[in-house]
Amino acid sequence: MVVAGQDPVLVGDNHETVLAFSAMSYNIGHRSVYSLQIHLVLVTKYRRRVITAPMLQRLEDIFRATCQKWRCSLVEFNGEADHVHLLVSFPPDVQVSKLVNNLKTVSSRLIRKEFATEVARFYSKPVFWTGAYFVASCGGVTVEELKKYVEQQATPRL
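Using our numbering, you'd call the opening residue of the sequence shown number 24 and step up by one each time.
Just so you know, the hints here were simulated from the structure itself, not pulled from any lab data.
Please note: incorrect hints may appear among the correct ones.
Unchecked claim - Quick list of simulated restraints, FRET-style, between CB atoms:
1. Ala-76 / Leu-110: 18 to 24 Å
2. Gln-91 / Tyr-69: 27 to 33 Å
3. Pro-77 / Pro-115: 32 to 38 Å
What the hints assert, rightly or not - No more than 30 Å apart at the CA atoms, straight line, and that leaves these computed lysine-lysine pairs for DSSO-like:
4. Lys-92 / Lys-68
5. Lys-136 / Lys-68
6. Lys-148 / Lys-121
7. Lys-127 / Lys-68
8. Lys-136 / Lys-148
9. Lys-92 / Lys-121
10. Lys-136 / Lys-92
Please read these numbers as outputs of a predicted model, since none were measured by experiment.
Don't be surprised by glycine CBs; every beta carbon is placed ideally from N, CA and C.
Work out the full structure: start from the sequences and follow the hints.
What follows is the structure, encoded as structure tokens:
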């Protein structure tokens with residue numbers, strides 16, 4: 024990870040050069056400088072209030088370990104009895120839909136196994152999460168700030 028300050032960071036060769044600058048933190052990949060984060064919300068099946076404090080702690084551990092296997096980072100985590108919020112940082116070659124599917128599958132399987140009695144009070148079938156999820160990209164600047172930055176770029180002269 025690189026923290027860019029006043030000075031720009033140049034990454035690449037003659038064919039691909041990336042210029043990164045601001046007060047944000049950036050990660051450096053093989054041919055990229057990036058800062059990608061998502062806000063992910065997972066909701067329990069039928070919005071049942073099944074998540075207890077010990078389950079929430081275990082979910083955080085599961086999500087953190089799963090993210091690490093995907094070369095991602097669980098930046099922040101919290102939740103309530105019927106849903107959880109994850110802030111995940113990830114490299115550009117990770118497909119968000121596949122990451123989310125794996126997070127849901129692994130956590131559901133382990134929670135149903137480790138908290139079988141508690142989960143069985145709410146579900147008679149092997150389910151935990153609803154099929155849907157909420158995901159939003161998030162970053163250090165707004166779309167309006169990005170639009171202004173792009174508009175201010177020097178246009179080549181003819």
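Evaluated hints:
About 20 Å separates the C-beta atoms of Ala-76 and Leu-110, a value consistent with the hinted range of 18 to 24 Å. Distance hint for Gln-91 and Tyr-69: a CB-CB separation of about 31 Å, consistent with the stated range 27 to 33 Å. The given range of 32 to 38 Å is respected by Pro-77 and Pro-115, whose C-beta atoms sit roughly 35 Å from each other. The suggested pairing of Lys-92 with Lys-68 holds, with an alpha-carbon distance near 26 Å, which does not exceed 30 Å.
Pair hint Lys-136 plus Lys-68 holds up; C-alpha atoms about 16 Å apart against a cutoff of 30 Å. A C-alpha spacing of about 24 Å is found between Lys-148 and Lys-121, which places the hinted pair at or below 30 Å, so the restraint holds. With a CA separation close to 12 Å, the supplied pair Lys-127 and Lys-68 stays within the 30 Å bound. Distance hint between Lys-136 and Lys-148 is fulfilled; the C-alpha atoms sit about 13 Å from each other, no more than 30 Å.
Proximity of Lys-92 to Lys-121 is assessed by CA-CA distance (about 13 Å); at most 30 Å being required, the pair is judged to hold. Taking the CA atoms of Lys-136 and Lys-92, the gap is near 21 Å; set against the 30 Å cutoff, the hint holds.
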